[in-house]
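Participant: Given next are the chains, with one letter for each unit.
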Amino acid sequence: MLEIKNLHARIAEDGTEIIRGLNLTVKAGEVAAIMGPNGSGKSTLSYILSGREDYEVTEGDILYNGESILELDPAERAARGIFLAFQYPVEIPGVATMQFLKVAMNEQRKARGEAELTTPDFMRRVKEAAAELKINPDMLKRPLNVGFSGGEKKRAEILQMALLEPKLCVLDETDSGLDIDALKIVADGVNALKSPDRATIVITHYQRLLDYIVPDTVHVLYKGQIIRTGDKDLALELEANGYADIIGQAA
Amino acid sequence: MAAVQETIDQVRQIDVDQYKYGFETAIEVEKAPKGLSEEIVRFISAKKQEPEWMLEWRLDAYRRWLTMEEPTWARVDYPKIDFNDIYYYAAPKSASGPKSLDEVDPELLKTYEKLGIPLKEQEILAGVEKPRVAVDAVFDSVSVVTTFKKELAKAGVIFMSISEAVREHPELVKKYLGSVVPVTDNYYATLNSAVFTDGSFVFVPKGVRCPMELSTYFRINEKNTGQFERTLIIAEEGAYVSYLEGCTAPQRDENQLHAAVVELVALDDAEIKYSTVQNWFPGDKQGKGGIYNFVTKRGDCRGDRSKISWTQVETGSAITWKYPSCILRGDDSRGEFYSIAVSNGHQQVDSGTKMIHLGKNTSSRIISKGIAAGVSQNTYRGQVSAHRKATNARNFTQCDSLLIGDRCGAHTVPYIEAKNSSAQFEHEATTSKISEDQLFYCLQRGIPEEAAIALIVNGFVKEVIQELPMEFAVEAQKLIGISLEGSVG
Chain A
1 MLEIKNLHAR IAEDGTEIIR GLNLTVKAGE VAAIMGPNGS GKSTLSYILS GREDYEVTEG
61 DILYNGESIL ELDPAERAAR GIFLAFQYPV EIPGVATMQF LKVAMNEQRK ARGEAELTTP
121 DFMRRVKEAA AELKINPDML KRPLNVGFSG GEKKRAEILQ MALLEPKLCV LDETDSGLDI
181 DALKIVADGV NALKSPDRAT IVITHYQRLL DYIVPDTVHV LYKGQIIRTG DKDLALELEA
241 NGYADIIGQA A
Chain B
1 MAAVQETIDQ VRQIDVDQYK YGFETAIEVE KAPKGLSEEI VRFISAKKQE PEWMLEWRLD
61 AYRRWLTMEE PTWARVDYPK IDFNDIYYYA APKSASGPKS LDEVDPELLK TYEKLGIPLK
121 EQEILAGVEK PRVAVDAVFD SVSVVTTFKK ELAKAGVIFM SISEAVREHP ELVKKYLGSV
181 VPVTDNYYAT LNSAVFTDGS FVFVPKGVRC PMELSTYFRI NEKNTGQFER TLIIAEEGAY
241 VSYLEGCTAP QRDENQLHAA VVELVALDDA EIKYSTVQNW FPGDKQGKGG IYNFVTKRGD
301 CRGDRSKISW TQVETGSAIT WKYPSCILRG DDSRGEFYSI AVSNGHQQVD SGTKMIHLGK
361 NTSSRIISKG IAAGVSQNTY RGQVSAHRKA TNARNFTQCD SLLIGDRCGA HTVPYIEAKN
421 SSAQFEHEAT TSKISEDQLF YCLQRGIPEE AAIALIVNGF VKEVIQELPM EFAVEAQKLI
481 GISLEGSVG
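Protein sequences, first through last, are from chains A and B.
When we follow the UniProt record's numbering, the leftmost residue of the first sequence carries the number 1, and every step to the right adds one.
When we follow the UniProt record's numbering, the leftmost residue of the second sequence carries the number 1, and every step to the right adds one.
Isolated chain A, as found in the complex:
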């Protein structure tokens, strides 16, 4: 589903190279974890996958379902099924969460040439998905992410993911700022979306989240490259020994 080939990318503004020859393949149905110390390029990778303009790809390619997406803008990528759950979800003052959901869902449908959702259909979908994530309907009336607690923000991200039904989900440090109860709810939400035609990339600093979202593959990102790939045991190894060993071996 996703094939990243010898990717090099830098910050557009100052030319700092962050991704330096990254290779990664993620198959449909797979849950891939990307781990790495701070500053290794994890969040940058999520931004580049979703097409943020602040980064420039200088070499290599990203193939999504066999086609390069480098020329697509973020909205086009989203309409094709790429979803990023943000580490720091952004506040949109004055725009009710419900309204935002409706606009996002319908814009994606429009881009794919599908009919807009009827209001009853939309309401039914939102209600069901919100109940799954134990989201209080009152929260949906509040402006998106404005005054939300850390847990509410992350749940709102997963709610959007559930409703937009993406094919490639990228979760950027979704565990940060969550207590264990909130973490479980979020993990259950992500697990419920597992399907044979959907791939998930879980970016995380700690092994903790992977107790709840069990990965098929684990990749260690360091200085803009994948330096080691393994299965879920690799995450446990990292938890026990830290990154120093693996980094040492790679150097």
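Keep in mind the hints are simulated off the structure, nothing from the lab.
Beta carbons: idealized from backbone N, C-alpha and C, even for Gly.
Just so you know, not all the hints are guaranteed correct.
Simulated pairs of lysine-lysine, BS3-like, Cα-Cα distance not exceeding 27 Å [to be verified]:
#, chain 1, residue 1, chain 2, residue 2
1, A, 141, B, 478
2, A, 110, A, 184
3, B, 462, A, 127
Derived CB-CB ranges, DEER-like [said to hold, decoys possible]:
#, chain 1, residue 1, chain 2, residue 2, range
4, B, 428, A, 180, 36 to 46 Å
5, A, 109, B, 207, 50 to 60 Å
6, A, 121, B, 150, 40 to 50 Å
7, B, 449, A, 136, 29 to 39 Å
8, A, 180, B, 209, 39 to 49 Å
Start from chain A and add chain B according to the hints.
Facilitator: What follows is chain B alone, placed relative to chain A:
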């Protein structure tokens, strides 16, 4: 007003800059000779079959105007206006005065149809769900038709063009005209007093709650023509009325002048809600053409416990110079001003309000949302003052500005003056930009850039949109979205 929606959708397809009402109606017109003189004032007065006292009133204004200087304090910049290069009177030949709909030129009806303004009462009545709105349609210098007059009359409400009112209700006009905005108030108000052509007159008698929304739709069609609208609304003791005005004009290379005067009078316990959706042609991408919107709007809370509320959505005009104000004369009276001013391209906006607290326990509230894009300049200018007898005067002011892009400007100029120690005034102001993070977040959810900006902006103005009559709120939101098209990149 689903029809407005349709119009917006239709015109969205047409790619003439951003302005969607730029078409022109081909219709035979009768015009006064170009320029301004006593002769012209007499001509207008004669056309309107006015009584002598009205003509004298106008001539007095004209003579005073000759001695006045054009004001220059606003933060707007435009070449000097040649007041002798303007037509002061233009009327469709067929419409010498308001009459029944059957007699109105079909071309005119088509124009309003295109604009989405319902003029046919039967059609409006047929639609069960549609709210009923009485409309006074003003085309250049004359009122074409006023709907639902009979039904309103049953409730005792007078709703007609000001020209008619001068003839039919001279005692009311004499009593109230110029009582809020005196003839000598300011340069443009004085000019308006001399040459005003048409506008609406509303009188809601004691204890009557006006049974429907009233609205006036202003259209400037003729080239080089100034529109000098005069509107007078009176709510007697305990009366209530909600009034909405809408404005559009064709797309032209020359600038056109719109210098209106609006006067509101609220007696004891009366309430007037006045909403404006102003979408005059703003000029093209290069800043050529567009309407100069130099307007004096003022409400007098003359009675105790009276209330006047202004809500405005300003998206059009090359230059806007307007400060809908409230004189809080009655004890316990209340004034409100809710404003959204959008400027894009080369537009210049200098708008705000004045809340003049004279009575005891008076209160006022100002919520202003300015949105600047392109190379436009957007200024909020507001005055809040408390007279020394205005004990316990209260004001809350909130001015928020949103910048889109880095070549536009937002300015806030508040004047606050309290002459007694019991007054409490609060002023809050913020300026922000649509952040890259917000935009990227929306894009990532599949919302394209322009839709994302419209969404964020509508969130920004939500507090004010809520104040509009419901049926216009949705249209106003869409209008704001359209006004900002092409504002990024």
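Participant: Which numbered hints are broken by the structure, listed smallest first?
Facilitator: Going through the list in order, the structure violates hints 2, 8 and respects the others.
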